[in-house]
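Novice: Quick mapping for you: the protein sequence lines, in order, are chains C and Z.
Take 1 as the starting number for the first sequence in UniProt numbering and just add one per residue.
Take 1 as the starting number for the second sequence in UniProt numbering and just add one per residue.
Calculated from the structure, these hints are not laboratory results.
Any given hint could be a false lead.
Think about it this way: if two alpha-carbon atoms lie no more than 25 Å apart in a straight line, the pair counts; the simulated SDA-like pairs of lysine to any residue are [stated by the list, open to error]:
no. : chain 1 : residue 1 : chain 2 : residue 2
1   : C       : 157       : Z       : 53
2   : C       : 43        : Z       : 70
3   : C       : 44        : Z       : 22
4   : C       : 143       : Z       : 120
5   : C       : 89        : Z       : 115
6   : Z       : 127       : C       : 125
7   : C       : 130       : Z       : 122
8   : C       : 43        : Z       : 91
9   : C       : 89        : Z       : 22
10  : Z       : 127       : C       : 133
11  : C       : 43        : Z       : 122
12  : C       : 34        : Z       : 93
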Amino acid sequence: MTASKKIVLLGHFGVGKTSLVRRFVEDTFSDNYKVTIGVHILKKEVKLPENQINLIIWDIEGSEDITRTRSSYLLGSHGFIYVFDTTRKSTYENLAADLEHIRSNYNDVPVLVVGNKSDLVTRAHLRENKQHFSLAQYFSSAKTGENVETLFEDLTKKLIE
Amino acid sequence: MLEAYKKQFLSPKVQFIVISEKGDILDSDDVLFPFKKEKNIIHCHPFFESVIPLLNHTENSLSFSCVHIGEKICDINCKTFRDQDPLIIIHDLTDHYQSLQTVTQKRNETVIESEILTLHNTYLQEKEAFKRTFIANFSHEIRNPLTGVFSFTEMLEKTSLSDEQYDLVEVVKALCQDLNIMINDILDLSKIEVGKFAVKNEIFNFTELLETTDFIYGTKARQKKLQFRMHVDKKLPKYIEGDKTRIKQVLTNVIENAIKFTEEGHIDLYVKLNHKRANKVNIQFEITDTGIGIPKKHINDIFTSFTQVHKDNKYSGTGLGLTIVKNLVTLMQGEIAVESEPGKGTSIKFNLRLKFPINYKEPQKKDRDDNKVLFNPKKKHNILLVEDNKISQIIVLKILSSQGAFYLDIAENGQQAMERVEETQYDLILLDIRLPDVTGYELAPVIRSLPEKKYAKIPIVALSGSLMGDNKTKYKKSAMNDVLQKPFQEQQLLKTLHKFLK
Chain C
1 MTASKKIVLL
11 GHFGVGKTSL
21 VRRFVEDTFS
31 DNYKVTIGVH
41 ILKKEVKLPE
51 NQINLIIWDI
61 EGSEDITRTR
71 SSYLLGSHGF
81 IYVFDTTRKS
91 TYENLAADLE
101 HIRSNYNDVP
111 VLVVGNKSDL
121 VTRAHLRENK
131 QHFSLAQYFS
141 SAKTGENVET
151 LFEDLTKKLI
161 E
Chain Z
1 MLEAYKKQFL
11 SPKVQFIVIS
21 EKGDILDSDD
31 VLFPFKKEKN
41 IIHCHPFFES
51 VIPLLNHTEN
61 SLSFSCVHIG
71 EKICDINCKT
81 FRDQDPLIII
91 HDLTDHYQSL
101 QTVTQKRNET
111 VIESEILTLH
121 NTYLQEKEAF
131 KRTFIANFSH
141 EIRNPLTGVF
151 SFTEMLEKTS
161 LSDEQYDLVE
171 VVKALCQDLN
181 IMINDILDLS
191 KIEVGKFAVK
201 NEIFNFTELL
211 ETTDFIYGTK
221 ARQKKLQFRM
231 HVDKKLPKYI
241 EGDKTRIKQV
251 LTNVIENAIK
261 FTEEGHIDLY
271 VKLNHKRANK
281 VNIQFEITDT
291 GIGIPKKHIN
301 DIFTSFTQVH
311 KDNKYSGTGL
321 GLTIVKNLVT
331 LMQGEIAVES
341 EPGKGTSIKF
351 NLRLKFPINY
361 KEPQKKDRDD
371 NKVLFNPKKK
381 HNILLVEDNK
391 ISQIIVLKIL
401 SSQGAFYLDI
411 AENGQQAMER
421 VEETQYDLIL
431 LDIRLPDVTG
441 YELAPVIRSL
451 PEKKYAKIPI
461 VALSGSLMGD
471 NKTKYKKSAM
481 NDVLQKPFQE
491 QQLLKTLHKF
501 LK
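Same shape as in the complex, but just chain C (with noise of 0.2 Å):
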C-alpha cells in the first residue's frame, strides 16, 4: 500500500507557493496573481527508486506572521516547505526568526526553505542577500521550473527516511 504524508507550504503571500504546488503537480504556470485564502488541498504520487508516497499537499494562504497560521492547517503535519520571494525582502528579512518559530513548535518535521521567482533576481543580488539566503537549500523558479521537480522529491526522501 501507498503511503501517503502531508507537506504543507508555508510562506508570506505572493512569494508563489501556489504556483510551486501547480507546477509540480499539473505542470502548469500563470503569471497571473490571484490570492490564495483558506487552504487548497491537492495530491501527487511520488515515485521513488524503492517506495512510493502519495503526498498530500496542502497550499495555504500566505501570511506575514508565521505565529498567526491557523493551526489546524499544520496539525498531522510530515513534512514543511517554506517559501520566500528573492524579489521581496519583506518575505526573507525574517526567515531566521520564522524557521525558529517552526522547529520550536514542530521539533521532528522536516523543512525546506526554498526561494522562488529565482528567474527575476541577478546573482548580485543573491551575492548581496547571502546573510538571509545562505539559510535557503533550494533556489526555484514555478516559471522556468528551476528545482521544483527537486525539492518536492528531495522533501519527500527526508520524509521516508
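On the provided structure of chain C, position chain Z as indicated by the hints.
Specialist: Chain Z alone, transformed into the frame defined by chain C:
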C-alpha cells in the same frame, strides 16, 4: 414561511456525513457533495485522507476553516463521540469567502506593488549613488592633469614668447577654462541632485554684474555679427543680496545658448523689477533670441540632463547647461518658462526672489594691484606639501619659488608627512585629500593631536580635486583651516597662504 426560507437558503448549505473510525461512509445526506457513492471518505478528497488519521487522536472535534473542496469553499467540522460514530459537518460558505477573497486580492496586490516599487527605488538609488561616486572620482582624476596644464600654461605665458606662441598659449588657456567649466557643470549637477548644493547670500553690486554681462556678451555677439541688447529697469536696486556666482552662471548659460543657436539677428536681455517689498525683491529676467527655435515636442526636454534638442554637430555641448539653470532658479525660489517657435526664435523667462540691503554703504574700491599677493623674500616661511601627484608637486614648487619667500618640503604619503612634521617646525601644511595610504580628513586630526603645542595651531590647507558632497564645514570638522579646489591658479594659492602667514 420562515421554515420555507430556512429550507431554501440554509439547509442546502450544510452536509452531514457519518463515518466509521477508518473513514468508511456510513451515511451522508449528500446535500453538497455526492459522497455516498464512495465506500471510504478518503477517496472523496485528499483533505479527508490527511484528516481521518487524526480523528483517532482527537477527543472532541477538529475544525477547519476555508477549505476548498471542488468548486466550493467550506468550513469543516469533524466530531468524535465516545459511544457513537464520528460525524463530519460541511458548511458551504463559498459566497462569504469569495467576497473575502476579492478584498484580500486587492490588499495583497497593493502591498506587493508597493514593495516592488520600493525595491525598484532602492535599485535606482544605488545606481545613482554609484553614478555620483563615479563622477566625484572621475572629476578628481581629471582635475589633477587639468591643474597641471592650466598652471604650466600660466607659467609658459610669463616666459618670453613670440606673438604666435603667445596666441597659441591663450588658446590652450581658453580650452582649459572651457574644460574646467564642463567639469564644474557636472559636479554642480551632482551636488544639486543630492541636495548638497547651497546658494550663498552675499551683498553684491547687481548693476556691475549686468554691465559686465552686457560687455562680455556684446563682444561675443559682435564676433558672430549679432546684436546683444540689454534693457534694464531703472527701478532695480543697485545692490542685491544673493548668490552672485550662481546668478551669473544662470545668465551666462542662457545667453551663451541664445548666441549659440542664433545665426542672424539679435539677442535681448530684459531685466525687470516684478515687485519690491521691505528688503525683498522679485526680479524677472527674459532672454529672447532670433535663433533656430525649438520644436514644440522638444520644449520640455531642454531642461533634462544630457539632452540636446539640436543634435547637429555644429552645436557642441554637454546638454547640462539648462538643467543646471532650472535647478539653480528653483534653488533661488524662482520659476522658469520657455516659449519658442522654430525658425523665429526662443524666449526664456525666469524670476528670482532675492533680498536687497537697505541703507547700504558702498565699499571703497581697492587699487587693482592690491589684489596681487606678493610675499617679502626677506621673511621665509616653512611649508610642507603633502601630495603624491608629481604634477601638483611641481606646480606648487614653481608658484612658491616665484616668490622667493618659502622653504618647501614634500611628503608623498601620510607616513612621510608625520615624519616631516615631527622633524621640522612648519608654518603651514598643504594637504592633499586623497593620499595613497590615508585621507586628508584622517591625517589632519592626527597631526593636531601630536603632544607638542605647536601642532595644535599650525594652519592646514586642504587641496581637493573635488568638493563633491563636501563643504568647508567638513574640512573644518577635520581640523583643517581652509580648502583649495584644484585646479587652482597662482594667485588663489598665494592669497590662501597670505591669509595664514601675514
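Novice: State the violated hints by number, sorted upward, taking the hints as numbered earlier in the document.
Specialist: Of the numbered hints, 9, 11 do not hold.
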